[in-house]
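K.L.:
Take a look at the letters that make up each chain.
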Amino acid sequence: MASASGDNHIILVDDDCSIGVAVASALRDAGFEVINANSPIGNESAGAVAMMLLPVDIGAGKGLTGRERYDNLLNGEDDEFQNNPRAHTTIGLNELCETAFPVWSRQINSSTEMLESEITEISLSISAMADEITIAMKLCGDVVAEIVDRTEDRRDGLDVREKMQAVADALQTTVETRGTLLDDVKTLGPLTSGLETMANDVMEISTQTKLLALNATIEAARAGEAGQGFGVVASEVRSLAMRSAEIAEAMVNSSEDIQEKIRHTQMSADETAEVEGKLVETSNQHMSSILDVHDTTMRNLLTALAEIQGIDKKYKHSVSDAIIALQFQDRVGQILHNVSQSCDGGLEVLIESIANNTRAIDYVPWLEQMNARFTTSEERQNLRSFMGDESTANEVVAGEVSFL
Amino acid sequence: MAKTILIVDDSSSVRIVLATTLKSAGYNVIDAVDGEDGLSKLTGEKIHLIISDVNMPKMDGIAMVKKIKTMPKYKFTPICMLTTESEESKMKAGKMAGAKAWIVKPFQPAVLLSAVEKLVLP
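As given, the protein sequences belong to chains V and B, one line each in that order.
For reference, each letter of the first sequence is one residue, going 1 to 404 in the numbering used here.
For reference, each letter of the second sequence is one residue, going 1001 to 1122 in the numbering used here.
Hints in this document: simulated from the structure, not taken from any laboratory.
Cβ atoms here follow ideal geometry from the backbone N, Cα and C, with glycine treated the same way.
Among these hints, one or two may not hold up.
Stated by the list, open to error - Here are some of the chain V residues that sit facing chain B, going by a computed Cβ distance under 7 Å:
1. I323
2. F403
3. L404
Stated by the list, open to error - Which residues of chain B face chain V? A partial, calculated answer using Cβ under 8 Å:
4. V1014
5. I1016
6. T1020
7. S1024
8. Y1027
9. E1085
10. M1091
11. G1094
12. K1095
13. F1107
14. P1109
Construct the complete structure from the given sequences, taking the supplied hints into account.
P.N.:
So, in structure tokens, the structure goes:
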């Protein structure tokens, strides 16, 4: 025996355990405190209660309220209950229907509204995120693709490696050209040496010519008047010899100057070649480093691009899944809406039955209306399952497109 | 020039996910909350496709389709029903009213967009 008090307390009396459990569960769902009892007698300590549900059709037609009938029962003043304990009564049933069914209906409606409100917020958030992620992914993809495109310089058909190699090749060619020029300069040395030898030969010839002219002058003087003309010629030859000697000396001096300058040029060229050689080597090393960095950057960029594309694919798949999942709110809302309407319809049927004091409820039209409201395959399947019907109905498969 | 699609559904979450899906494919979207609202959005602008729910308050989707088919400006506008209603008899009623396609929710974005591409007016 249970005891409690309050306006929301109901004493539930039924000696059929299965019925008592089912009714108690429904009442508790509706917000009532339920006191189970297997007899109407002996619950005096229950205190104030809102209602008592009895398994006896007692007091009907006497114009008594459920509470009055309950009090009569407790006081042992109702003989019908004592004499007919297996008959079921509708005492309190109208109060139960008028309270529980609307409460259930409201709870279903408020749940549906809450569900729709929250799912709408989630949908808005996901929609906004989808838009932002789509923009961000496109931006990332475009930027990386642009960098890759520019780095590869596909528009000119040349990549950075080829361009840098061209610079290195040009530098190497310059060094080689300078080397060739230096080789040419080196060949001038022997040439000037030959020139000097020739100048010395000229000087030797000049000396001998001067001696020859001197002898000729002597011989001309000895010949007297007859040799005067020859003496003039000898004098001129001597002048020419002296002039030749001067030119030969100048040639030797010039040749020495040239050789000195060639040696100087050669030394400078050797020093420059050494510097350029080191420069080329350093440049090659730097370019190799740059190209290594470039290759690494390219690999990283391509990896990043592939990852972005992969993430984009996964993200689109996730958004698609979210879009599918969010639509179940509509299905659930539809089902709950139908349940709410069925509650309202059930309430009308029950109240009408009570008002007419009918012992048998005409539930078939109500069930037919309920079935007619079904829109989802789940609702129809649940009904068929409940009715033990294993057949399958002609249903359009969810998600597929039927062109009409 | 982006094509315009009118979506009619009493579920705000469905309108949002449907609009998100269609906009991602480059369509302009106009939305309405029921059949009456849907009709009020047909103000003379070219609509390339209408996607509508069936079970809605005030005016259901089938009734709206029947009305649209009497409107000279829009009687050739293709209509796709997008609904939780999976019973074939309801789909036949939609066909009789003039709908061109029937999709039972939940829709898959890729499948829906493929159908839209086939249905949408040039």
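K.L.:
For each hint, tell me whether it holds in the structure or not.
P.N.:
Comparing the hints with the structure gives:
1. I323: The hint holds - I323(V) has a Cβ within 7 Å of chain B, the shortest such distance being about 4 Å.
2. F403: holds, 5 Å
3. L404: holds, 4 Å
4. V1014: holds, 5 Å
5. I1016: holds, 4 Å
6. T1020: This hint holds: T1020(B) lies near chain V, its Cβ roughly 4 Å from the closest one there, short of 8 Å.
7. S1024: holds, 7 Å
8. Y1027: This interface hint is violated because 14 Å lies over the 8 Å limit.
9. E1085: It holds, given that the least Cβ distance between E1085(B) and chain V is near 5 Å, below 8 Å.
10. M1091: holds, 6 Å
11. G1094: Since chain V brings a Cβ to about 7 Å from G1094(B), closer than 8 Å, the hint holds.
12. K1095: holds, 4 Å
13. F1107: Since chain V brings a Cβ to about 6 Å from F1107(B), closer than 8 Å, the hint holds.
14. P1109: holds, 5 Å
This entry does not satisfy hint 8, going by the numbered hints stated previously; all others are met.
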